[in-house]
Amino acid sequence: MRGGSRRRSILVLLVLTSVTLLSLDGGGEGSGAVNTVRRFLHDAFAPVQEALGNAVSPLGDIFDRLGGSKSLERENGRLKRELSEARGRLARSQGLERDISELRKIMNIPFVEGIDTITARVISFGPGNFESTVVLDKGSKAGIKTGMPVVTGDGLVGRVVDVSELRSTVLLITDSSSAVGVRFATSGEAGIAQGRGRQGVLDLDLIDSAIKVAKGETVLTSGLQLGRFPPGIPVASVTRAKSTPGKLEQEVEIRPLVDTRRLELVKVLRWQEPSVTSSSGSAG
Amino acid sequence: MVSEHRRLIAATVAFVAVLLQTVVMPDVRVAGVIPDIVLLTVVAAAIQLGPEGGMFYGFGAGLTMDFFLSTPLGLTALSYTVVAYVVSAGSTGLLRNEWWVYPALGGLGSMLGTSLFVAAGVLVGQDQFLQARSFTVVAMSGAFGVPLSVLIVPAIAKLLPGHESRELMA
Numbered sequence: 001m002r003g004g005s006r007r008r009s010i011l012v013l014l015v016l017t018s019v020t021l022l023s024l025d026g027g028g029e030g031s032g033a034v035n036t037v038r039r040f041l042h043d044a045f046a047p048v049q050e051a052l053g054n055a056v057s058p059l060g061d062i063f064d065r066l067g068g069s070k071s072l073e074r075e076n077g078r079l080k081r082e083l084s085e086a087r088g089r090l091a092r093s094q095g096l097e098r099d100i101s102e103l104r105k106i107m108n109i110p111f112v113e114g115i116d117t118i119t120a121r122v123i124s125f126g127p128g129n130f131e132s133t134v135v136l137d138k139g140s141k142a143g144i145k146t147g148m149p150v151v152t153g154d155g156l157v158g159r160v161v162d163v164s165e166l167r168s169t170v171l172l173i174t175d176s177s178s179a180v181g182v183r184f185a186t187s188g189e190a191g192i193a194q195g196r197g198r199q200g201v202l203d204l205d206l207i208d209s210a211i212k213v214a215k216g217e218t219v220l221t222s223g224l225q226l227g228r229f230p231p232g233i234p235v236a237s238v239t240r241a242k243s244t245p246g247k248l249e250q251e252v253e254i255r256p257l258v259d260t261r262r263l264e265l266v267k268v269l270r271w272q273e274p275s276v277t278s279s280s281g282s283a284g
Numbered sequence: 001m002v003s004e005h006r007r008l009i010a011a012t013v014a015f016v017a018v019l020l021q022t023v024v025m026p027d028v029r030v031a032g033v034i035p036d037i038v039l040l041t042v043v044a045a046a047i048q049l050g051p052e053g054g055m056f057y058g059f060g061a062g063l064t065m066d067f068f069l070s071t072p073l074g075l076t077a078l079s080y081t082v083v084a085y086v087v088s089a090g091s092t093g094l095l096r097n098e099w100w101v102y103p104a105l106g107g108l109g110s111m112l113g114t115s116l117f118v119a120a121g122v123l124v125g126q127d128q129f130l131q132a133r134s135f136t137v138v139a140m141s142g143a144f145g146v147p148l149s150v151l152i153v154p155a156i157a158k159l160l161p162g163h164e165s166r167e168l169m170a
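Each protein sequence line maps, in turn, to chains V and F.
Quick note on our numbering: the first sequence kicks off at 1 and runs consecutively.
Quick note on our numbering: the second sequence kicks off at 1 and runs consecutively.
Source of the hints: derived by calculation from the structure; they are not laboratory data.
Any given hint could turn out to be false.
So the derived label-pair ranges between C-beta atoms look like this [unchecked claim]:
1. R7(F) to L96(V): 20 to 26 Å
2. A157(F) to T36(V): 33 to 39 Å
3. E4(F) to P47(V): 40 to 46 Å
4. E249(V) to P103(F): 45 to 51 Å
5. F135(F) to A55(V): 34 to 40 Å
What the simulated footprint calls covered on chain F by chain V, stretch by stretch (three residues with Cβ under 8 Å from a Cβ of chain V suffice, anywhere in the stretch; the number is not a length) [what the hints assert, rightly or not]:
6. 19 to 29
7. 32 to 46
8. 51 to 57
9. 70 to 78
10. 132 to 142
Result set (SDA-like, lysine to any residue): computed pairs, CA atoms no more than 25 Å apart in a straight line [stated by the list, open to error]:
11. K242(V) to Q131(F)
12. K138(V) to F15(F)
13. K138(V) to A11(F)
14. K242(V) to A132(F)
15. K141(V) to I109(V)
16. K212(V) to S243(V)
17. K158(F) to L52(V)
18. K138(V) to F67(F)
19. K247(V) to Q131(F)
20. K141(V) to L19(F)
21. K247(V) to L130(F)
22. K242(V) to R133(F)
23. K247(V) to V24(F)
24. K138(V) to V16(F)
25. K141(V) to F67(F)
26. K138(V) to D27(F)
27. K138(V) to P26(F)
28. K138(V) to V24(F)
29. K242(V) to F15(F)
30. K247(V) to L166(V)
31. K145(V) to F67(F)
32. K158(F) to L19(F)
33. K138(V) to K242(V)
34. K138(V) to L19(F)
35. K141(V) to R39(V)
36. K138(V) to M25(F)
37. K141(V) to V48(V)
38. K158(F) to V56(V)
Glycine is no exception: its CB is placed at the ideal position from the N, C-alpha and C atoms.
Can you make the complete structure from the sequences, with help from the hints?
The structure is reproduced here in structure tokens:
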């Protein structure tokens, strides 16, 4: 019986500690101490994560190739190893070619003219099921700050929500807590592009039902006052629009121009919102 | 009680699981859902270490994961702690050499952990959890838990031999 009581006490103690941490962290925005520990851990884990990432990617290839083979003789094995190495070299060179092509694409992005940029590589996707984030291989050491917008040659990717010395975390525009102030490229009608999680589409809210919305029309960042993004960055194109009689707003669905599942090189804009407030989930 | 040696092994297991979860698992998605192997190690630790060791393991592993998520700190620690307690209590007296025990505990533990995470998240204002997709994530977590527990639970059982024999001896 004493054991059962002790277990319940430990459970209560740990639950209370978790609840205290939850209140200290203030809904994920992080207090000073929490953020300091978070950033320290990100930087401490960074080299190990990088080494593991490099180690497991060729392992995946090896498992793929071994999957189909039954019994391997020595000579056969040697030849396969050579072939595997050659394939590895080919894959590396193809990867380099892809990088060059990506770099060319993001070198001259017309919609960020006049804004200083930092080129960074996406090294991993967020590990959680309830967030759409990516981790960049650069952090505050490279000049990245919380709130900075992130783009590719195709358009808006998201904004930086957390920065450690060596890494930064970007909240993608598809995340359900992301909201971007946008306007239609042709009519100029303004609305809010709201993420839906990992579904790859966004809802465009606050669009008057009297406005004619054409499928395929592009929406851009509005840059309205207190906006989180500079104006004119392409965000998405309309995939569906539906007006219901009696409703003031119409249902508009838009698809991001950037394929957020296949991000490699991105540009972080050295641009900060006019008012220094940092809360995820507010419109920009 | 858990010896220093076992604590060290448990901490190493948690560290490796968090590394794999943050580096490898985001690329292993099915229907957009990432399998939570850290949660499965919590289920395994609860079986092997008993309620106390399991809860401390769950809290520590959950808190470490929290630092890599953008959700509030303590949310994963809270859900993993409760999962460890429930799994450990629920598995007491089960015939563990039955083939279905580990997959069942893995599946149910994963579903419970994800459900608790969502429920606690909603309570602390994570409104993005209030969507139909959360049900998909909970269901998929359970589905991942069944086959993965067949690998993870026996592996951890080897690293952290069971507590029941010691309890019987005590």
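The hints, checked one at a time:
For R7(F) paired with L96(V), a C-beta distance near 45 Å fails the hint of 20 to 26 Å. In this structure the supplied range 33 to 39 Å holds for A157(F) paired with T36(V), their Cβ-Cβ distance being about 38 Å. As the Cβ distance of E4(F) to P47(V) is approximately 27 Å, the hint placing it in 40 to 46 Å is violated. Here the CB-CB span from E249(V) to P103(F) is close to 47 Å, well matched to the stated 45 to 51 Å.
Taking the beta carbon of each, F135(F) and A55(V) are about 36 Å apart, inside 34 to 40 Å as hinted. Given a C-beta distance limit of less than 8 Å, the hint that chain V covers the segment 19 to 29 of chain F holds, as 9 residues qualify and 3 suffice. Beta-carbon proximity to chain V at under 8 Å applies to 4 residues in the segment 32 to 46 of chain F; the threshold of 3 is reached and the given coverage holds. Against chain V, the segment 51 to 57 of chain F contributes 4 residues with a C-beta closer than 8 Å to a partner C-beta. That satisfies the three-residue criterion, and the hint holds.
Under a criterion of three residues with beta carbons nearer than 8 Å to beta carbons of chain V, the stated coverage of the segment 70 to 78 of chain F is upheld, 8 such residues being counted. Interface restraint, the segment 132 to 142 of chain F with chain V: holds (4 residues with C-beta to C-beta distance below 8 Å; minimum three). Restraint check for K242(V) and Q131(F): satisfied, since their Cα atoms lie roughly 21 Å apart, inside the 25 Å limit. Between K138(V) and F15(F), the direct Cα distance comes to roughly 23 Å. Compliance with the 25 Å bound is thereby established for this hinted pair.
Annotation: proposed proximity of K138(V) to A11(F) is violated, straight-line Cα distance about 29 Å (limit 25 Å). For the suggested pair K242(V) and A132(F), the alpha carbons sit about 21 Å apart, so the restraint of at most 25 Å is met. Under the criterion of a C-alpha separation no larger than 25 Å, the hint pairing K141(V) with I109(V) is consistent with the structure, at around 24 Å. Of the pairs offered as hints, the one joining K212(V) and S243(V) holds, with about 9 Å between alpha carbons and a cut-off of 25 Å not exceeded.
Proximity of K158(F) to L52(V) is assessed by CA-CA distance (about 24 Å); at most 25 Å being required, the pair is judged to hold. About 18 Å separates the Cα atoms of K138(V) and F67(F), which keeps this hinted pair within 25 Å; it holds. Distance check on the hinted pair: K247(V) and Q131(F) sit about 23 Å apart at the alpha-carbon level, within 25 Å; holds. Between K141(V) and L19(F) the alpha-carbon distance is near 23 Å, which keeps this suggested pair within the 25 Å criterion.
For the hint pairing K247(V) with L130(F), the CA-to-CA distance comes to about 24 Å; that is within 25 Å, so the pair holds. Between the alpha carbons of K242(V) and R133(F) the distance comes to roughly 23 Å, so the proposed pair stays at or under 25 Å and holds. The hinted pair formed by K247(V) and V24(F) fails the criterion: a straight-line CA distance of about 46 Å is larger than 25 Å. Between K138(V) and V16(F), the direct Cα distance comes to roughly 24 Å. Compliance with the 25 Å bound is thereby established for this hinted pair.
At most 25 Å may separate the alpha-carbon atoms for a hinted pair to count; K141(V) and F67(F) meet this at roughly 20 Å. For the hint linking K138(V) to D27(F), the alpha-carbon distance of about 20 Å falls within 25 Å, and the restraint holds. Between K138(V) and P26(F) the alpha-carbon distance is near 19 Å, which keeps this suggested pair within the 25 Å criterion. Of the pairs offered as hints, the one joining K138(V) and V24(F) holds, with about 20 Å between alpha carbons and a cut-off of 25 Å not exceeded.
Between K242(V) and F15(F), the direct Cα distance comes to roughly 49 Å. Violation of the 25 Å bound is thereby established for this hinted pair. Straight-line distance between C-alpha atoms of K247(V) and L166(V) comes to about 49 Å, which puts the hinted pair past the 25 Å bound. Distance hint between K145(V) and F67(F) is fulfilled; the C-alpha atoms sit about 19 Å from each other, no more than 25 Å. Among the hinted pairs, K158(F) with L19(F) is consistent with the structure: their alpha-carbon atoms are about 20 Å apart, no more than 25 Å.
Taking the CA atoms of K138(V) and K242(V), the gap is near 42 Å; set against the 25 Å cutoff, the hint is violated. Restraint check: the Cα-Cα separation between K138(V) and L19(F) comes to about 19 Å, which is no more than 25 Å; the hinted pair holds. A distance of roughly 12 Å separates the Cα atoms of K141(V) and R39(V); the hinted pair therefore holds under the 25 Å criterion. With a C-alpha separation of about 22 Å, the suggested pair K138(V) and M25(F) falls inside the 25 Å cut-off, and the hint holds.
Restraint check: the Cα-Cα separation between K141(V) and V48(V) comes to about 19 Å, which is no more than 25 Å; the hinted pair holds. With a C-alpha separation of about 24 Å, the suggested pair K158(F) and V56(V) falls inside the 25 Å cut-off, and the hint holds.
In the structure shown, a violation is registered for the earlier hints numbered 1, 3, 13, 23, 29, 30, 33, in ascending order.
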